Amino acid sequence: MTSPSTKPTAVSLRAAQPADAALIYAALEQTMRGFVEATWGNWSPERVREESEHDAHDPRTRIVQCNGIDCGVLQVEPRASEWWVQMCYLLPSHQAMGIGTVLLREVQERAQRGGLPVRLRVLKVNPAKAFYLKLGFVLYQQCDDYFYLQWRP
319 MTSPSTKPTA VSLRAAQPAD AALIYAALEQ TMRGFVEATW GNWSPERVRE
369 ESEHDAHDPR TRIVQCNGID CGVLQVEPRA SEWWVQMCYL LPSHQAMGIG
419 TVLLREVQER AQRGGLPVRL RVLKVNPAKA FYLKLGFVLY QQCDDYFYLQ
469 WRP
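Numbering (the numbering used here), first residue to last: 319 to 471.
I should point out that these hints are in silico values taken from the structure, not numbers from a laboratory.
Do not take every clue at face value.
[To be verified] Straight-line distance between alpha carbons at most 16 Å, and here's what the computed EDC-like set of lysine to aspartate or glutamate pairs gives:
# : residue 1 : residue 2
1 : LYS442    : GLU355
2 : LYS442    : ASP462
3 : LYS442    : GLU424
4 : LYS447    : ASP463
Computed from a predicted model, the values in this text were never measured in an experiment.
Let's have the full structure, built from the sequences with the hints guiding it.
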């Protein structure tokens, strides 16, 4: 197992396949369950499994690999006015290794070529907001449950 202080040597993406639904579910459960329960009071395994199945078939969904090992999921939707990051979840065993930074810097570079902002939302109870702020994202909107963040080129 790689220590958390080790920087990834090879971060790559591959298209999600139907068989990846279990990995997508695991990434969501391990990274988001506590925040979902803190925000809305419950976690619905059935609903999340169904969404994971759907996401495994979505052509925008990518499986994140570090040194050839599946370690998370990324889903980005390039839109006419923005690049929307729908999902960026890394298994806890692969967090704090620089993988998320590599992924989001690439999204930022691609959006910058088109002169578009990168936007996402994060649950207010999720400390990942600090990670996004370090990457240059700023708050542009909020509601009861979410902070909406953006990065502009």
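Report task. Sort out which numbered hints this structure fails and list those numbers smallest first. Result -> Failing hint: just 3.
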